[in-house]
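Novice: Can you make the complete structure from the sequences, with help from the hints?
Protein chains: 2
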Amino acid sequence: MKAELEVKHKDLLGRVGVLHVGGKKVETPAFVPVINPVNQVVPPEEIRRRFGCGIVITNAYILYKRFRSKAVEEGVQRLIGFDGVVMTDSGGYQVLVYGDVEASPDDIAFFQESIGSDIAVPLDKPTGLVGRREAEKTVEETLANVRRTVELVGHGGRCVWVGPVQGGLYRDLVQKCVDEYKRLGFSLYCLGSPTPLMTAYRYRELVSMIATTRQVLGTVKPLHLFGAGHPMMFALAVALGVDMFDSASYALFAKEDRYILPEGTVRLEQLSHLPCSCEVCTRFSAKELRELESGERFRNLALHNLFVCFQEVEAIKQAIWEGRMYELLERKARSHPALYEAFQYIFRDEETLQTMALHTPLSKRRGLFLFDTTSLQRPEYRRMTEWLRRWTPSCLEAAVLVSHKAVVNRRLEKLFEMLAKVVGDGCFEVFVHDTPYGLVPLSLYHVFPISQTTYPETLVKQLEDKIFREAAETLAKHGFKKIIIIETRRETYPGYSRKLAHSLQTSLSKEVVYTTSK
Amino acid sequence: MKAELEVKHKDLLGRVGVLHVGGKKVETPAFVPVINPVNQVVPPEEIRRRFGCGIVITNAYILYKRFRSKAVEEGVQRLIGFDGVVMTDSGGYQVLVYGDVEASPDDIAFFQESIGSDIAVPLDKPTGLVGRREAEKTVEETLANVRRTVELVGHGGRCVWVGPVQGGLYRDLVQKCVDEYKRLGFSLYCLGSPTPLMTAYRYRELVSMIATTRQVLGTVKPLHLFGAGHPMMFALAVALGVDMFDSASYALFAKEDRYILPEGTVRLEQLSHLPCSCEVCTRFSAKELRELESGERFRNLALHNLFVCFQEVEAIKQAIWEGRMYELLERKARSHPALYEAFQYIFRDEETLQTMALHTPLSKRRGLFLFDTTSLQRPEYRRMTEWLRRWTPSCLEAAVLVSHKAVVNRRLEKLFEMLAKVVGDGCFEVFVHDTPYGLVPLSLYHVFPISQTTYPETLVKQLEDKIFREAAETLAKHGFKKIIIIETRRETYPGYSRKLAHSLQTSLSKEVVYTTSK
Chain A
0 MKAELEVKHK
10 DLLGRVGVLH
20 VGGKKVETPA
30 FVPVINPVNQ
40 VVPPEEIRRR
50 FGCGIVITNA
60 YILYKRFRSK
70 AVEEGVQRLI
80 GFDGVVMTDS
90 GGYQVLVYGD
100 VEASPDDIAF
110 FQESIGSDIA
120 VPLDKPTGLV
130 GRREAEKTVE
140 ETLANVRRTV
150 ELVGHGGRCV
160 WVGPVQGGLY
170 RDLVQKCVDE
180 YKRLGFSLYC
190 LGSPTPLMTA
200 YRYRELVSMI
210 ATTRQVLGTV
220 KPLHLFGAGH
230 PMMFALAVAL
240 GVDMFDSASY
250 ALFAKEDRYI
260 LPEGTVRLEQ
270 LSHLPCSCEV
280 CTRFSAKELR
290 ELESGERFRN
300 LALHNLFVCF
310 QEVEAIKQAI
320 WEGRMYELLE
330 RKARSHPALY
340 EAFQYIFRDE
350 ETLQTMALHT
360 PLSKRRGLFL
370 FDTTSLQRPE
380 YRRMTEWLRR
390 WTPSCLEAAV
400 LVSHKAVVNR
410 RLEKLFEMLA
420 KVVGDGCFEV
430 FVHDTPYGLV
440 PLSLYHVFPI
450 SQTTYPETLV
460 KQLEDKIFRE
470 AAETLAKHGF
480 KKIIIIETRR
490 ETYPGYSRKL
500 AHSLQTSLSK
510 EVVYTTSK
Chain B
0 MKAELEVKHK
10 DLLGRVGVLH
20 VGGKKVETPA
30 FVPVINPVNQ
40 VVPPEEIRRR
50 FGCGIVITNA
60 YILYKRFRSK
70 AVEEGVQRLI
80 GFDGVVMTDS
90 GGYQVLVYGD
100 VEASPDDIAF
110 FQESIGSDIA
120 VPLDKPTGLV
130 GRREAEKTVE
140 ETLANVRRTV
150 ELVGHGGRCV
160 WVGPVQGGLY
170 RDLVQKCVDE
180 YKRLGFSLYC
190 LGSPTPLMTA
200 YRYRELVSMI
210 ATTRQVLGTV
220 KPLHLFGAGH
230 PMMFALAVAL
240 GVDMFDSASY
250 ALFAKEDRYI
260 LPEGTVRLEQ
270 LSHLPCSCEV
280 CTRFSAKELR
290 ELESGERFRN
300 LALHNLFVCF
310 QEVEAIKQAI
320 WEGRMYELLE
330 RKARSHPALY
340 EAFQYIFRDE
350 ETLQTMALHT
360 PLSKRRGLFL
370 FDTTSLQRPE
380 YRRMTEWLRR
390 WTPSCLEAAV
400 LVSHKAVVNR
410 RLEKLFEMLA
420 KVVGDGCFEV
430 FVHDTPYGLV
440 PLSLYHVFPI
450 SQTTYPETLV
460 KQLEDKIFRE
470 AAETLAKHGF
480 KKIIIIETRR
490 ETYPGYSRKL
500 AHSLQTSLSK
510 EVVYTTSK
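Chains as they are written, first to last, in numbering that gives the first Met the number 0: chain A, 0 to 517; chain B, 0 to 517.
Among the hints, a few may not be true.
Since the list gives no way to pick out one identical chain from another, each pair is judged satisfied if it fits inside one copy or across any two copies.
As a list, the in silico DSS-like pairs of lysine-lysine whose alpha-carbon atoms are at most 30 Å apart [what the hints assert, rightly or not]:
#1 286 x 24
#2 220 x 404
#3 404 x 509
#4 363 x 286
#5 363 x 220
#6 498 x 24
#7 7 x 286
#8 64 x 481
#9 254 x 286
No lab work stands behind these hints: they were computed from the structure.
Specialist: Quick look at the structure:
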């Protein structure tokens with residue numbers, strides 16, 4: 000069987016879509032709760048009912064060890080009591096933790112087909128955080144296992160087989176995996192072993208690993224991230240093109256009395272209040288939660304943690320749909336300095352930025368928020384400044400520079416009356432001179448996102464030098480004969496027009512006229 | 000009656016406390032839902048039950064017009080069905096909207112006493128956004144009304160009377176109000192008419208108004224903010240010392256099919272998903288919510304909006320308790336550029352910063368997160384750099400500069416062994432040279448918050464020039480005879496030690512030795 004992703008909305012490299020697996024459908028990006036096959040703190044059926052969850056993952060190796068015949072007889076869906084998509088992990092994580100497993104790739108492959116996993120993973124050898132030599136070995140071993148699995152069961156059986164990308168931080172090894180899986184006809188890919196990076200807060204390397212995988216994989220095929228850990232990084236992963244991610248944190252953290260929040264984790268004894276509206280936090284106070292009997296506490300914390308994970312995914316989908324994924328990242332980046340660093344890192348990578356620019360819609364449901372110079376990395380801004388550089392004037396007589404306050408619709412007629420007086424009968428081009436985009440020709444001013452951008456006044460002041468320098472370059476490049484700067488009544492930045500005029504007078508060897516309409 | 004605020008935890012100018020009103024208690028900061036006395040979309044009793052809400056506000060003027068005798072007979076608590084603290088507004092907002100009201104200050108004062116309001120407001124004349132002349136007039140009129148009310152009913156009756164601070168953006172007028180209310184013996188203050196500022200997203204002026212009020216009022220007396228509007232600004236208001244704030248937005252927005260989120264408002268038709276875990280958002284999808292019959296939709300949206308408002312207050316209390324109010328503000332600031340601007344503005348105001356430094360605890364439950372240079376405005380950082388400036392060395396023979404990586408506990412012994420070899424028998428002071436705090440004497444390195452600070456590696460690189468310059472100043476000031484920079488095995492910033500050595504060699508006329516322990 001093959002999986003197919005139907006993309007509905009895109010922003011940055013994230014997408015909202017529907018993953019088709021056999022006859023079943025899952026909305027993506029999808030949070031995939033890890034289900035312990037032995038002992039379930041929140042039953043899968045309850046997770047489905049409460050959160051509309053369409054996909055879970057469980058461990059084929061543990062099923063194989065503990066419930067082999069029952070699993071084959073009942074099928075994995077009935078065994079764990081979940082009628083959505085059931086994904087099974089091969090036991091790769093057990094390899095990472097215990098060094099090896101007592102089952103061959105063949106055993107695990109046949110087993111997953113025979114219990115009817117909807118999505119199955121060939122037995123892989125996670126790279127983890129190791130040196131080059133060791134990483135090569137894990138990739139070789141993984142590729143050998145995967146080839147063997149494809150040979151044995153192919154893509155024609157009951158399972159959608161996933162290509163487990165290993166190679167960790169080594170780009171060429173990741174490339175090697177992806178190339179081989181493309182050749183082997185995989186329709187779904189997964190990225191292995193980010194957990195050691197996450198537990199060490201090495202988010203910068205994590206995003207680098209995801210970005211590399213997306214780059215070599217291209218943007219069409221769906222990508223699963225193993226062990227995504229904490230909801231504070233879901234948005235970063237999705238923004239880089241991750242379509243689904245599993246996590247056991249809701250239960251693991253709950254077991255250790257840790258309460259998940261969208262921006263971090265708090266130990267139960269470090270909670271004075273419960274900043275959450277879920278059923279658990281509505282029913283109990285922090286004190287009451289602490290005083291629950293251990294089993295009850297575990298279940299309620301796990302349930303709360305699930306609420307936070309699913310809520311975060313809804314926030315991400317809403318952000319993609321609205322076209323505000325970048326704004327969501329700006330907020331998430333302030334959850335932890337390591338996330339901030341990862342966020343900065345993503346938007347310094349030219350290859351990722353260029354792919355993002357291709358995949359971010361040209362027009363959006365809502366305008367843009369810019370906060371500081373970091374915000375200028377976003378694809379809509381970069382794309383627009385690129386367009387502005389390519390624009391050419393239709394008249395070279397004169398360039399008239401005015402404030403954005405003069406070109407709001409109700410003042411436009413007045414403006415042209417005034418310009419006729421000042422400039423006379425000759426033709427001229429009008430530019431808006433005080434935007435974070437720099438000099439904007441009036442004809443482009445109402446093109447998305449320029450006039451739909453909201454920014455603090457401080458930003459233009461902060462960018463003043465850059466704006467002045469680039470204005471001079473633009474005006475010189477086009478070869479306008481005359482530059483006219485008109486100061487209008489309401490200046491956002493007092494003295495700005497005069498200063499700009501002075502700067503242009505100094506840097507351009509042209510006639511620069513400064514006049515006021517006040 | 001007088002009110003009293005018992006402060007339990009403080010951070011920045013925010014505090015978690017208990018407001019005592021008669022025999023009743025309210026936890027602060029308190030969100031005070033506005034109850035429409037005529038038509039209640041969510042009954043006050045339900046708000047109390049669901050959210051543990053201890054205080055609501057309703058409008059004395061409307062009660063006076065519509066239910067005069069019934070209100071006097073039953074008391075306001077029974078009339079609206081709320082047995083917590085009931086605050087009544089005088090009708091000042093009606094003055095702002097309709098120009099005047101058909102009741103004298105005396106009528107409104109006697110009426111509030113006779114219906115047994117727990118907290119009552121003298122009929123004030125909101126300043127709104129007007130010119131100086133007009134503002135003076137509103138303050139004069141408000142003061143006259145307030146004096147008259149105090150004369151008539153004093154502070155000995157059933158109500159706690161609130162001093163309504165007017166004067167808008169004029170500091171001297173605010174000062175005039177506060178001085179007069181202190182003289183008149185008010186125990187609770189409220190700040191009027193921020194609504195026009197908020198609906199215009201003029202958050203910078205709003206925080207300026209709040210900061211001014213706190214400055215002239217001092218930090219002891221509790222302060223109420225009228226019409227606080229949106230949960231995205233609750234944290235800013237609390238960080239400036241607001242203890243309670245009312246808002247009708249939950250209902251007003253719901254009426255217009257607007258869905259509140261902690262970081263903004265979304266029109267119902269602009270929602271594809273519901274990023275919230277409350278009862279309403281768990282029961283309905285965005286589509287189902289849109290398709291509800293209008294009355295049901297209103298009620299469910301209002302209920303959801305209340306969940307978000309109360310949740311935000313819990314997040315604020317938790318942040319104060321943890322000592323992470325600044326981190327919360329950093330995130331909230333990215334909700335809207337106008338909020339970001341207001342946030343920046345607060346932390347540029349020297350008077351506010353100094354008061355904050357006094358009120359922010361010296362030690363906290365959790366360490367500090369620094370993100371970028373903006374984070375360096377926070378009081379803990381400023382205070383520590385101040386202390387570092389006052390530190391004096393006990394030995395002037397030599398200053399030894401090492402990386403923070405060399406002073407983590409398990410390496411300290413090794414470090415001193417190595418130092419003995421390099422420096423010899425003479426005495427020396429050890430400094431850590433690569434922290435965002437600049438040069439830190441080893442003796443202070445484990446004092447909160449230095450070694451409890453988490454920051455992106457990029458920050459120290461970004462601050463390099465500043466760190467090098469200040470290091471030179473510090474070393475010159477103390478007059479060390481010799482400077483020794485030791486490069487240890489793991490440098491966080493490759494080449495940093497060597498660069499620092501070079502910089503000090505250039506700027507200091509001392510012996511600067513650069514050596515390596517690798």
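Novice: Can you give me the call for residue 363 and residue 286, within, between, both or neither, at a CA distance of at most 30 Å?
Specialist: between (45 Å within a copy, 20 Å between copies)
Novice: Regarding residue 64 and residue 481, is the shortest C-alpha distance of 30 Å or less found within a copy, between copies, in both, or in neither?
Specialist: For residue 64 and residue 481, the Cα distance exceeds 30 Å both inside one copy (83 Å) and across copies (67 Å).
Novice: Check residue 363 against residue 220 for me: Cα-Cα at most 30 Å, and say if that holds within a copy, between copies, both or neither.
Specialist: within (24 Å within a copy, 47 Å between copies)
Novice: Given identical chains, is residue 498 near residue 24, meaning Cα to Cα at most 30 Å, within a copy, between copies, both, or neither?
Specialist: The answer is neither: 60 Å in one copy and 58 Å across copies each exceed 30 Å.
Novice: What label fits residue 7 with residue 286 when the C-alpha limit is 30 Å: within, between, both, or neither?
Specialist: between (44 Å within a copy, 17 Å between copies)
Novice: 30 Å Cα cut-off: does residue 286 pair with residue 24 within a copy, between copies, both or neither?
Specialist: between (41 Å within a copy, 19 Å between copies)
Novice: When no copy is specified for residue 404 and residue 509, does a C-alpha distance of 30 Å or less occur within a copy, between copies, both, or neither?
Specialist: Intra 26 Å, inter 57 Å, cutoff 30 Å: intra-copy only.
Novice: Using 30 Å as the alpha carbon limit, work out where residue 254 and residue 286 are close: within a copy, between copies, both or neither.
Specialist: within (17 Å within a copy, 36 Å between copies)
Novice: Can you tell me if residue 220 and residue 404 fall within 30 Å by alpha carbon in one copy, between copies, both or neither?
Specialist: neither (46 Å within a copy, 43 Å between copies)
This entry does not satisfy hints 2, 6, 8, going by the numbered hints stated previously.
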